[in-house]
Amino acid sequence: MGEITPPVLVDCDLHCEVPRVEALFPYLAEHWIEHIQNTMFKGASVSYYPRRSPVAARPGSLPDGGGPAGSSLELLRAQALDEAGVEIGILGCLYAVDSVHNPDVALAMASAVNDWQRAEWLDREPRLRGSIVVPVQIPELAAREIDRVADDPRFVQVLLPVRTEHPLGSRLYRPLWEAIVRHRLVAAIHFGGAPVQPPTPTGWPSYYLEEYVAMAQVFATQLTSLVVEGVFDLHPSLRVALLESGFTWLPAHLWRFDKEWRNLRRQVPWVKRAPSEYVREQVRVSIQPLDAPPEPRQLVEIVDQLGSDDMLLYASDYPHRHAFDVETDLLAHLPEASRRKIRSENARALYRL
Amino acid sequence: MVDTLTATTVDREVEARARTRPAIIDCDVHNELDSIKDLYPYLSKRWRDHLDAFGVRHPNSGYYPRFMDNREDARPPSGRRSGSEVGVLRDRYLEPYNVAFAILNPLSPAPVTLDLELGSALATAVNDWQVAEWLDREPRLRASIVIQNEHPAAAAEEVRRRARDRRFVQVLFMGRTQEPMGRRKYWPIYEACAEHGLHLASHAFGAYGHPITGAGHASFYIEDHTSPPQAVQANITSLVVEGVFDRFPCLRFVSVENGFGWLPALLWRLDAAWGLLRAEVPHLERRPSEIVRERVWLSTQPIEEPHRPEQMLELLDHFGEMRDHLMLASDYPHWDGDNPDVALPSQLPEEWKRRIRFDNARELYGL
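Chains as they are written, first to last, in my numbering: chain A, 3 to 355; chain B, 747 to 1113.
Source of the hints: derived by calculation from the structure; they are not laboratory data. These numbers come from a predicted model, not from an experiment. Check each hint, because a few of them may be wrong.
Said to hold, decoys possible - Residues of chain B clear of chain A, computed beta-carbon distances all greater than 10 Å:
no.: 1; residue: TYR788
no.: 2; residue: THR923
no.: 3; residue: ARG929
no.: 4; residue: GLY960
no.: 5; residue: ARG1015
To be verified - Cβ-Cβ distance ranges computed for the label pairs, FRET-style:
no.: 6; chain 1: A; residue 1: GLN39; chain 2: B; residue 2: ASP992; range: 33 to 41 Å
no.: 7; chain 1: B; residue 1: PRO934; chain 2: A; residue 2: ASP331; range: 38 to 46 Å
no.: 8; chain 1: A; residue 1: MET42; chain 2: B; residue 2: TYR809; range: 55 to 63 Å
no.: 9; chain 1: A; residue 1: PRO56; chain 2: B; residue 2: ASP882; range: 54 to 62 Å
no.: 10; chain 1: A; residue 1: ASP306; chain 2: B; residue 2: PRO1028; range: 48 to 56 Å
no.: 11; chain 1: B; residue 1: TYR786; chain 2: A; residue 2: MET42; range: 53 to 61 Å
No residue lacks a Cβ here, since even glycine has one placed at the ideal position from N, Cα and C.
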């Protein structure tokens, strides 16, 4: 008699949103509350996700009582966990503390978001896991915040915006990587970010659509940087998850990157293997958005071109909305063994669930 | 006597080798300046004095030591910079590689010069230099019109000045413009292109101040050298989304030295984003991929090298009919060029190879 595997599902990309800055007051020191009130600071904005745009809120995800999509635990529980049969869901709070220039405010807000996440989400819903929000722009402070909360095993990763002031492999970020590795956390690099410079190498585009499309290339930058600077070599146990990155761009990038390495490796002798090998071993990628080709056969080819079926992670990206359904547009076309890996096994191995 | 014999032998050898190679049209060959002084005969005294005193100021985007300059085998016996003499280009590249036409893309300081008047004067000088020292001396050469695109009025004027010389086949932008290429600022240039049926080309590298990635400046040359596809993807996106291709129905865009493996995934992502965000860009009535498939051409170098040979066939299948928009480029005499003999994987059907090596460029440029 064959063993029946229970239909387990791990969703690696769910979002909880801070409804308004006052929601963080219980987790902020008195003087920061006063500072926020005096300066009429509305909280860290997230211009990379216009709140009422079609991508930010799927139909039915806006709470009746007001507030942004993703700000109600009840709705998230019903729509993202119960309905989908998600056994474990990993929350990422895209609170843009990286857009706050004042380092003390940035750290205070990050800490408040993490405490808010614990008290209002993780304590109330055992299926949820959390991501540590950090002021990535000041790596030392980011490391301090990781040290402060990492004891809580429900925090399984550190959330890093893909758009940073410097590529994340830069030596400036060493304290951050050391803290992530010290606590055996996953580094989750997520769509978005609010550093000072524009999102494309040709400046600020007119439309959000362009910024959205360009974000895939910024993910490519971060992979290139992490490999080239030797972060993967320095930290062989490090695992990086790319969230909301899309993945259909990845094979062609790795072909180019491997070619560059063959030509220029003597400039970076510490990169001992082809970049694609590091990426296959140490990087995982979520499957939403799918950015799929018109033919399912072509999508299957892209998955095959990744060269490993250990890399893909199931993700709904709730409450954000996407063009494709990962079940019918991707998983239905893959063999059962790959489906199982993507739905849960890869995430279980990654997060040691 | 000995010299003559040797020369004859070499000529025969060259001729014999040329016969064994299929004819190609090379869409990216570089004519190099040995120094800015090469342009002095084409500059007024005012600018020569200025250059002597102040040089060329360009955005200070930092420096990546490359330790690899142009190919040494392209260095003229005179000792001038590799790639800076037309005779050497002819003897060492055009002849032996059976190049029927080569399109010159001079990478001069003109487009990155901060003084816009100087940049425009340099662009005019580069084009005069191209005519006198390259095009007039070698009939197989065609050239891109160099402009300072950050000064669109002067750039449009320069395009109009050159347009009647049909040896100029396109207008050259550098990869990293100050604003995304679809922005209104640049439309006067496109208008001039459209008037004369000239294509728009964007060549990798060249910066007007922004970091090469959306996450800042990288540390190492290998990262810098891996990143040009990002700028061209942003520019293609911008040209489509801003409606440039609708406004100028004959305008065609040629991506140079960006490879091409990224194109299908960009189209998939663009279409998906358009499906979700149409409300933001109601003027964009057609699926972005349809527009790109009609209007964008790509030169091959540096050609992506898939992990398994059949994956190149998969990639070209993802291109579909746009496969016929791929055109061979060597990037001669740069160190990172693709050798035309081996650039295209042997697995490709012979007809596809012929089209990429020759027919596609001949049709696009009317050669």
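Among all the numbered hints in the text so far, which are the ones the structure does not match?
2, 3, 4, 5, 6, 8, 10
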